[in-house]
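K.L.:
The residues making up each chain are set out below.
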Amino acid sequence: MTEHKNPSETGDALIVDGLCKRHGRVQTLENVSLALKPGERMALLGHNGAGKTTLMKLILGLWSPSAGQISVAGAVPGSSEARRASAYLPEAVAFHRALTGREQLTLFARLAGAPVKSVDGLLERVGVADAADRRIGTWSKGMRQRLGLAQVLLGKPRIALLDEPTSGLDPISRHDLYAIIDEMAQHGTAVLIASHALTEVEARTDRIAIMRKGRVVADDTLARLSARAELPIRLKLTAQNDDASEVHARLGGKRINGASVELLCSPENKMERLAHIAALGDLVVDVEMAPPSLEDLYRHYSGEDRT
Amino acid sequence: MIARVLAVAAAEIHIARRNLWVLMATVIMTLFALALTFAGAAPTGALGVDLLTVSVASMTTLSVYLAPLLALMMSFDAIAGESERGGLALLLTYPVSRGEILFGKFLAHIGTIALAMVVGFGAAGIAAALSGGAGTESILALLRLIGTSILLGAVFLALGYALSAAVSSPTAAAGLAAGLWLVFVVLYDLGLLGAVVYDNDGFFTRNVFPWLLVLNPADAFRLWNVSASENVALANGMTGVAGALPAWSAPTSLIVWPLAAFLLARQVFRRVQP
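Chains as they are written, first to last, in the working numbering: chain A, 1 to 307; chain B, 1 to 274.
The shape of chain A in the complex, shown without the other chains (with noise of 0.2 Å):
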């Protein structure tokens, strides 16, 4: 909060090593290892239930590992240092019906130490100065998701962990929400964002995370997750007439309907096949194509496609 450096601000801003959590006989997280800088944005994907919000629930110590570290910004989680470096926005988050936007918020300023000034400020920030003095029962799930995003702006934490962010937004409120995610980061706040809205996060997140069943499977940029998994491209191709046979027939592949085929080739056999499909004159009248998406890679790593 302050310009000096003490040593844990210049190390890691978050680190996971080990972790392991049991609820009776069922192993959610198992040998979950994590680190964050301070400025990194990851991306935490994941199948309902693979562990994403216990592991921020770990993080944050609202519930105890059974076993593993945790370093929140060098503090133990749920220690007083921990929580004033944390900031967290939950999965649908609701606030109490009879406060207004400005009473909730002002709350929040004076538990976290910051000052009740900055509350007009941050509600302008997000978007709902017009409604702060309304109860927030009264409030859209939008709004109320904007106002639990300003909460986590309040005394410029170190880590912020966000919770399927973008649930209930429209896509105006997404472009903002990323937009303000950004501007944390470049103020140095880490934040690790759990989301299912894997196109958005594909542009906005330096690093993606995918947990499947309480483990870590891949950890890693896009680009080298790409690379790593080989997947192949997708060429889709709409036949003259509406008649794919004749397609098939030449090129092999898969029929999706009468007029297209789809075809996959690995990226470095891209341009023969492309000439085959030249060379096929006028049978062709449209190619499209389309390289590997984030959704492909985390069907990849999440072991949906291999059963």
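No lab work stands behind these hints: they were computed from the structure. Values in this document were obtained by computation on a predicted structure and should not be read as measured data. Glycine residues also receive a C-beta, built at the ideal position from the N, C-alpha and C atoms. Possibly wrong hints are sitting among the right ones.
Stated by the list, open to error - DEER-style ranges, computed between Cβ atoms: (1) Leu212(B) with Arg215(A): 55 to 65 Å; (2) Gly113(A) with Leu115(B): 23 to 33 Å; (3) Ser168(B) with Gly113(A): 26 to 36 Å; (4) Ala260(B) with Glu124(A): 27 to 37 Å; (5) Glu124(A) with Leu23(B): 27 to 37 Å; (6) Arg97(A) with Ala3(B): 54 to 64 Å; (7) Val197(B) with Arg134(A): 17 to 27 Å; (8) Ala114(B) with Asn31(A): 48 to 58 Å; (9) Leu23(B) with Lys37(A): 34 to 44 Å; (10) Leu115(B) with Asp206(A): 48 to 58 Å; (11) Leu23(B) with Arg134(A): 50 to 60 Å; (12) Ala114(B) with Arg134(A): 21 to 31 Å.
Claimed, not checked - Beyond 12 Å from chain B on every Cβ pair, some chain A residues (computed): (13) Gly61; (14) Val93; (15) Ala259.
We have chain A; now place chain B onto it with these hints.
P.N.:
This is chain B only, laid out in the frame that chain A set:
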């Protein structure tokens, strides 16, 4: 620490201010207190005491029912409600301890109860004093009634927090709160009454029963108001039990109860995993 407690209290005051139940309970209590005061105008001559004394005796009985009810209505939702909305997990990620959260809520709620008591009983007291006269003793009795009602409210606020932390849904907490009220205010006394009748003025009635009575905060409240003022006791018909106990017993019970209940609530709240 003070700043965080006050921050929680400030937010809770906003909530209590907009809580229709609280407003209604205060209005109902004021109306009841006024009605009892004027209905009590008849027996003053027979007992030879002023109208305010009779009014305090009636309001003591009223408060036994209403103070716990008002307290439980505010407290049952305190933790279960936050937990269900998903706000509790967020609140607990802030640098504030669970004891501080609980104490902040308590300050706001007890302030609201105090206001309701002062307004309700104060209005009835003033009305009684103006129309039927009041003496030093009856004014003291009124102040005692207000003070002990606030203590009684504190007991049930803290018990309400404890059950609100013990269950996960506000509906379950509301049900338990109703049960708690019924046990402490109605069933406990009925049970003791049955035992006394069965015992037929034996050892139990003379030596055990008064202590069991004073163990219940609602009865301790009644006993304190009764034993401190002979006239109130006369008007209330509770002289027998009040005489069987040392004078310190009822005040001790009513002062220890809120503290013990608050510690219990904090202990239960500490075990909550949001």
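K.L.:
The structure should be examined with respect to each hint, and the outcome stated for every one.
P.N.:
Evaluated hints:
The beta-carbon spacing between Leu212(B) and Arg215(A), approximately 59 Å, falls within the hinted interval of 55 to 65 Å. Hint check: Gly113(A) to Leu115(B), Cβ distance near 30 Å, so the stated range 23 to 33 Å holds. Between Ser168(B) and Gly113(A) the CB atoms are about 30 Å apart, so this pair conforms to the stated range of 26 to 36 Å. A hinted range of 27 to 37 Å is violated for the C-beta pair Ala260(B) and Glu124(A), which are about 47 Å apart.
Evaluation of the 27 to 37 Å hint for Glu124(A) and Leu23(B) yields a pass: the beta carbon distance comes to about 33 Å. Separation of Arg97(A) from Ala3(B) is about 26 Å and departs from the stated range, judged on CB atoms against 54 to 64 Å. A hinted range of 17 to 27 Å is violated for the C-beta pair Val197(B) and Arg134(A), which are about 58 Å apart. For Ala114(B) paired with Asn31(A), a C-beta distance near 55 Å keeps the hint of 48 to 58 Å intact.
Under the hint 34 to 44 Å, the C-beta atoms of Leu23(B) and Lys37(A), about 53 Å apart, miss the expected range. For the hinted restraint 48 to 58 Å between Leu115(B) and Asp206(A), the CB-CB distance of approximately 54 Å keeps it satisfied. Take Leu23(B) and Arg134(A): their Cβ atoms lie about 20 Å apart, and the range 50 to 60 Å is violated. Checked against the given bound of 21 to 31 Å, the beta carbons of Ala114(B) and Arg134(A), roughly 30 Å apart, stay inside it.
Listed as a non-interface residue, Gly61(A) fails to keep its Cβ farther than 12 Å from every Cβ of chain B; the least gap is roughly 8 Å. The non-interface label for Val93(A) is inconsistent with chain B: the shortest C-beta to C-beta separation is roughly 6 Å, within 12 Å. For Ala259(A), the non-interface assignment is confirmed: its Cβ lies about 49 Å from the closest Cβ of chain B, beyond the 12 Å cut-off.
Hint violations for this structure: numbers 4, 6, 7, 9, 11, 13 and 14, all remaining hints satisfied.
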